[in-house]
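Participant: Required output: the full structure, derived from the provided sequences and hints.
Single-letter residue listing:
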Amino acid sequence: MLATVALSVIIQNAAILLWDPSPKTIKHVFSPVPLTLGPINVVSIRLFAGLVAVALIVGSHLLIQKTRIGRAMRATFQDTDMARLTGVDVDRVYMFTFAFGAALAGASGALLGAVFWVYPAMGDLAALKSFAVVIMGGLGNFLGAIVGGLLLGVSESLGAGYISSGYKDAIGFILIILLLLWRPQGLFGKKALPR
Amino acid sequence: MKLWAAAAAVALLALPLIGVDDYYLHLLIMAGIFYLLAAGMNLLLAAGQLNLGHTAFYGIGAYTSGLLGVHFGLSPLWTMPVAAAFTGFVGYLLGRLTLRLRGAYFVLVTVGFAEVIRLVATNWMDLTQGPMGLAGVPAFNLGIERWTLVSKRDYYYLMAALVAGTLFVTARILGSRVGRALAAIQSNESLAESSGISAYAHTMLAMVVSCVLAGVAGAFYAHYITFLSPELFGFQNTVTMAVMVVAGGQGMVLGPAVGSLVFTFVPELLRMAANRMLLYGVLLLLVVMFMPRGLVFYLRALLRGRAPSPAAVQAADAALETGRAAAAGAAPALDVREMTVRFGGLAAVEDLSLTLGRGEILALIGPNGAGKSTAFNVVTGFQPADTGRVDFDGVDITGLPPYRIAERGLVRMFQRTSVFPEAPALDNVLTACHRLARTRLWEVVLMTEAAREEEARHRRRAQSLLNFVGLGRKAGEAAKNLSCGEQRLLGLAIALAPDPSVLLLDEPAAGLNAVETGQLMHLIEVIRSRGLSVLLVEHDMKLVMGLCDRVVVLNYGVKIAEGTPTEIQQHPEVIRAYLGSGEILADA
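These protein sequence lines map, in sequence, to chains A and B.
So in my numbering the end of the first sequence lands on 195, straight run, no missing numbers.
So in my numbering the end of the second sequence lands on 588, straight run, no missing numbers.
Source of the hints: derived by calculation from the structure; they are not laboratory data.
All of these numbers come straight from a predicted model, not from anything done at the bench.
Don't take each hint at face value.
As the list claims (entries may be wrong) - Here are the computed distance ranges between Cβ atoms for each label pair: (1) A/Arg-71 <-> B/Gly-511: 22 to 32 Å; (2) A/Ala-14 <-> B/Phe-227: 29 to 39 Å; (3) A/Ser-8 <-> B/Phe-227: 27 to 37 Å.
Said to hold, decoys possible - Footprint (simulated), chain B over chain A, 3 or more residues, beta carbon under 8 Å: (4) 71 to 81; (5) 126 to 138.
Every residue, glycine too, gets a C-beta built ideally from N, C-alpha and C.
Facilitator: Below is the structure:
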């Protein structure tokens with residue numbers, strides 16, 4: 001875990017060195033004029049980002065549920081030794097999973113960068129929030145991550161709108177704390193009994 | 001190692017006297033502040049709980065002391081203890097809510113808590129002046145002008161005293177039965193609880209101590225820098241603390257100390273380089289990759305040349321000392337009445353009643369999935385029953401937490417996870433002696449005569465229990481290096497350590513060969529002859545039929561037969577339940 005922290009320090013500072021710390025925008029082909037669908041106004045780049053996100057979620061789900069490498073990933077998660085015994089190359093699965101996760105993070109970075117700005121420290125809050133979302137849903141639970149992500153995003157925006165924008169991030173975290181007090185193993189996690 | 005530490009301490013204390021530049025003293029003071037924080041984090045980490053919101057307590061301590069100083073003009077002499085106590089109290093409140101969470105879930109809640117506190121400090125302008133910061137926090141003064149701390153050197157010595165105190169307290173806590181209990185909770189929480197160790201109480205203790213330390217660190221910072229801003233709560237500070245603990249040597253007393261020194265000075269020394277944070281990252285990566293157990297671990301190996309030799313085996317007899325089992329009463333040792341446990345629509349145990357008489361050996365048998373382990377889990381408090389009641393020595397224990405049940409003298413041995421794998425065999429048993437301790441925490445920290453004597457007594461008891469199960473020579477061996485059979489025997493010694501009057505054994509002979517099973521049967525006979533009552537779940541029919549007074553047979557959660565071994569062997573329904581295996585007749 002600490003090694004990933006070290007890596008992120010390195011990459012962040014390399015980015016500062018190579019470019020500079022100021023926020024930049026990504027040029028894209030979408031028009032800045034919002035589309036109007038009934039009562040909803042949405043800028044097309046945001047619609048595009050949302051659609052890509054949905055596609056990525058569906059794609060990852062299929063990868064995890066339907067492919068050979070997906071099955072190997074699930075087996076490794078459940079019982080590493082048993083997976084190894086049945087011929088799964090666990091190290092390769094770890095490597096692939098890490099790379100796959102990094103690719104997803106890269107994709108979301110590109111989308112976020114197109115919607116907002118790009119700057120070296122943009123990953124900090126995102127890392128914290130994605131960690132929160134994963135745990136909220138229950139570790140290693142794909143559906144949990146989706147529900148958790150939606151819950152966090154919506155409640156933060158509503159909280160910012162109706163309560164106070166200064167406390168936007170606090171509202172999300174208070175929600176998470178309350179949720180974990182109610183279900184200590186996450187939304188969809190299961191409790192283990194001793195043997 | 002001791003010599004080196006003493007030399008380092010003397011050198012550090014002498015620094016201001018030989019005219020070291022104030023800049024370096026400032027760095028050392030900052031390293032001291034971070035040491036207090038890292039030491040607290042380390043303490044909680046000993047129990048396996050990572051608090052990634054430690055900055056919250058640092059900041060609470062700083063703002064409490066600072067605000068009291070700014071608004072009421074109180075001297076830091078008073079505000080610092082108040083800030084420390086208040087921070088400890090906040091830690092207690094957060095602990096009450098969150099300490100039942102484990103692993104990543106606990107980490108997340110602490111991160112969230114720190115973020116919430118940071119936002120409050122930023123947005124509550126009236127109290128904290130928000131992002132502009134709180135200026136004019138008074139410097140240290142002890143009432144009279146002359147006692148105001150002005151020079152770096154004064155602060156340096158105050159910090160040195162705080163560091164020495166923290167080193168002392170954390171070393172004593174980690175080296176005592178409390179430290180053993182924390183390690184046990186991390187390595188095998190269920191076994192710790194069933195040995196009478198309350199995971200909640202011990203993690204709470206670590207939490208409160210660590211928060212008090214953070215409060216002291218924060219208050220010191222407030223009066224040292226005399227200016228506070230919400231940046232104090234920044235996640236960067238948390239990362240720095242975690243780096244110091246983990247790279248320094250997690251779980252070791254000196255780990256956070258070395259870590260805070262190294263990781264305060266390295267970034268400063270790299271300041272000359274243009275891209276210092278980049279180098280810092282690379283360095284951190286190297287430490288993590290090549291010294292995964294922390295700097296102190298490798299330093300110690302370097303200074304000592306080798307790993308420490310296992311503690312010498314003390315002379316102790318193989319006696320099984322029992323203090324309470326002889327106490328006789330009218331009620332049965334264990335009385336289970338109409339217990340039902342359902343998982344969804346499926347009844348794992350249905351309407352089970354059984355009685356264990358004093359000094360009796362009772363077996364609970366049945367095909368796999370009959371509900372035996374579930375019944376054990378309910379009796380020992382690991383799982384609630386839907387209906388029913390469990391009486392132990394005539395007292396209702398239904399719904400008590402596992403460690404309370406163990407405290408009363410009902411102790412179980414687990415089927416699979418019966419040992420603390422990383423610890424030496426002797427420490428395994430010693431940890432389980434926890435329930436017998438009578439000394440209080442302050443006695444342990446000050447290492448009073450009574451505390452030392454108690455520790456020696458428990459050590460003797462642990463060794464004699466190891467001798468009793470035939471593992472006397474393996475006292476220094478890590479439990480995970482023992483053979484499967486030896487681990488079962490060690491599990492038995494652990495279960496005996498809290499001096500139980502009733503022993504619950506979950507498949508004690510699983511994985512044992514015929515000779516080892518014979519030894520185990522003999523041990524259980526001896527245990528019974530000392531007045532203990534034994535309830536066991538077992539598949540080995542030779543053991544069941546040769547050892548037990550009575551047998552209860554479960555099938556699909558329902559009791560289908562009860563009687564002496566001979567009666568059971570001829571019971572038509574039992575034969576039907578086991579049909580296809582035929583073992584029950586062939587082996588007996």
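Participant: Hint by hint, note whether the structure agrees.
Facilitator: Here is what the structure says about each hint:
The hint said 22 to 32 Å for the Cβ distance between A/Arg-71 and B/Gly-511, and at roughly 31 Å that hint holds. In this structure the hint that A/Ala-14 and B/Phe-227 lie 29 to 39 Å apart at CB holds, the actual value being about 33 Å. For A/Ser-8 paired with B/Phe-227, a C-beta distance near 30 Å keeps the hint of 27 to 37 Å intact. Proximity of the region 71 to 81 of chain A to chain B, defined as three or more residues with a beta carbon under 8 Å from a beta carbon of that chain, is not established by the 0 residues found.
Requiring three or more residues with a Cβ within less than 8 Å of a Cβ of chain B, the coverage given for the region 126 to 138 of chain A holds, as 5 such residues are present.
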